[in-house]
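Construct all of the structure, not just a fragment, from the sequences and the given hints.
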Amino acid sequence: MAGEFGAYIDNKRKGRGIGSEDIKLKDIAEAMGMTASYLSDIVKGRRNPPEMQILEKIAVVLQLTPDEKEEMFDLAGRERDAAAPDLPEYLMSTQLPNVRKALRRATEKNLGDDFWKKVLDDISKEDKQP
1 MAGEFGAYID NKRKGRGIGS EDIKLKDIAE AMGMTASYLS DIVKGRRNPP
51 EMQILEKIAV VLQLTPDEKE EMFDLAGRER DAAAPDLPEY LMSTQLPNVR
101 KALRRATEKN LGDDFWKKVL DDISKEDKQP
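Numbering (UniProt numbering), first residue to last: 1 to 130.
Honestly, the hints are just simulated from the structure, not real lab data.
Note that CB positions come from ideal geometry on N, CA and C, so glycine has one too.
Treat each hint with caution, since some may be false.
Claimed, not checked - The following label-pair restraints were derived from C-beta to C-beta distances:
no., residue 1, residue 2, range
1, Glu56, Thr94, 40 to 50 angstroms
2, Arg80, Glu30, 20 to 30 angstroms
3, Met92, Gly45, 20 to 30 angstroms
4, Gln53, Asp27, 11 to 21 angstroms
5, Glu30, Arg104, 23 to 33 angstroms
6, Arg100, Arg16, 35 to 45 angstroms
7, Arg16, Gln53, 13 to 23 angstroms
8, Met92, Glu21, 35 to 45 angstroms
9, Arg78, Tyr38, 13 to 23 angstroms
10, Ala82, Asp10, 43 to 53 angstroms
11, Asn11, Glu51, 19 to 29 angstroms
12, Pro97, Asn11, 32 to 42 angstroms
As the list claims (entries may be wrong) - 20 angstroms max Cα-Cα, derived PhoX-like pairs, lysine-lysine:
no., residue 1, residue 2
13, Lys57, Lys24
14, Lys44, Lys24
15, Lys26, Lys14
16, Lys14, Lys24
17, Lys128, Lys118
18, Lys12, Lys69
19, Lys69, Lys57
20, Lys24, Lys12
21, Lys117, Lys101
22, Lys101, Lys69
23, Lys44, Lys26
24, Lys57, Lys26
25, Lys57, Lys14
26, Lys14, Lys101
27, Lys44, Lys14
28, Lys128, Lys117
Below, the structure is given as structure tokens:
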């Protein structure tokens, strides 16, 4: 049975081909340099989601928006019982010890999504400054 990640990929490939046809798993697999059976196993939840490089290729082939790509990364991480694969390098950077401190403090204080929404809003304001 497909996990959330596999169901997401299966859903996103539908209607994204030429003339709004479904993109075939075989075509996605060829673009990734893997066999269709291997990709089918991933989609059906018989294998873990692939590594970051393959996820990036899937995002290109399926023409995912930035938000869809982030959701795919989150699902891949959740299914692997790990952080989303686009985050660990940033989280563990020796140049950014405060990232880890902030996450730990937020965990200790049990800060919810409302807190992180404010943080995200502050980051978005930074984008708009000249």
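Each hint, compared with the structure:
For Glu56 and Thr94, the Cβ-Cβ distance of about 24 angstroms falls outside the hinted range of 40 to 50 angstroms, so the restraint is violated. Evaluation of the 20 to 30 angstroms hint for Arg80 and Glu30 yields a pass: the beta carbon distance comes to about 25 angstroms. Range check, Met92 to Gly45: Cβ separation about 28 angstroms, and the 20 to 30 angstroms hint holds. Remark: the range hint 11 to 21 angstroms for Gln53 to Asp27 is upheld by a beta-carbon distance near 19 angstroms.
In this structure the supplied range 23 to 33 angstroms is violated for Glu30 paired with Arg104, their Cβ-Cβ distance being about 44 angstroms. Distance hint check for Arg100 and Arg16: the Cβ-Cβ separation is about 37 angstroms, which falls inside the suggested range of 35 to 45 angstroms. Remark: the range hint 13 to 23 angstroms for Arg16 to Gln53 is upheld by a beta-carbon distance near 21 angstroms. At roughly 42 angstroms, the beta-carbon separation of Met92 and Glu21 lies within the given 35 to 45 angstroms, and the hint holds.
Judged by the Cβ atoms, the range 13 to 23 angstroms given for Arg78 and Tyr38 holds: they are separated by roughly 21 angstroms. The beta-carbon spacing between Ala82 and Asp10, approximately 22 angstroms, falls outside the hinted interval of 43 to 53 angstroms. Separation of Asn11 from Glu51 is about 22 angstroms and conforms to the stated range, judged on CB atoms against 19 to 29 angstroms. Look at Pro97 against Asn11: about 39 angstroms separates their beta carbons, and that is inside 32 to 42 angstroms.
Restraint check for Lys57 and Lys24: the C-alpha separation of about 15 angstroms stays at or below 20 angstroms, so the hint holds. Proposed proximity of Lys44 and Lys24 is supported: the alpha carbons are some 14 angstroms apart, at most 20 angstroms. Under the criterion of a C-alpha separation no larger than 20 angstroms, the hint pairing Lys26 with Lys14 is consistent with the structure, at around 13 angstroms. Between Lys14 and Lys24 the alpha-carbon distance is near 8 angstroms, which keeps this suggested pair within the 20 angstroms criterion.
Taking the CA atoms of Lys128 and Lys118, the gap is about 16 angstroms. The hint holds against a cut of 20 angstroms. Taken as a hint, the Lys12 and Lys69 pair is honoured in the structure, with Cα atoms around 11 angstroms apart against an allowance of 20 angstroms. Distance check on the hinted pair: Lys69 and Lys57 sit about 11 angstroms apart at the alpha-carbon level, within 20 angstroms; holds. With a CA separation close to 11 angstroms, the supplied pair Lys24 and Lys12 stays within the 20 angstroms bound.
In summary, the hint linking Lys117 to Lys101 is supported, as the alpha carbons are separated by about 18 angstroms, within the 20 angstroms threshold. For the hint pairing Lys101 with Lys69, the CA-to-CA distance comes to about 27 angstroms; that exceeds 20 angstroms, so the pair is violated. As the CA atoms of Lys44 and Lys26 are separated by approximately 14 angstroms, the hinted pair is consistent with the 20 angstroms bound. A C-alpha spacing of about 14 angstroms is found between Lys57 and Lys26, which places the hinted pair at or below 20 angstroms, so the restraint holds.
Distance check on the hinted pair: Lys57 and Lys14 sit about 17 angstroms apart at the alpha-carbon level, within 20 angstroms; holds. Annotation: proposed proximity of Lys14 to Lys101 is violated, straight-line Cα distance about 41 angstroms (limit 20 angstroms). The hinted pair formed by Lys44 and Lys14 meets the criterion: a straight-line CA distance of about 15 angstroms does not exceed 20 angstroms. Restraint check: the Cα-Cα separation between Lys128 and Lys117 comes to about 17 angstroms, which is no more than 20 angstroms; the hinted pair holds.
In this structure, the hints that do not hold are numbers 1, 5, 10, 22 and 26, in rising order.
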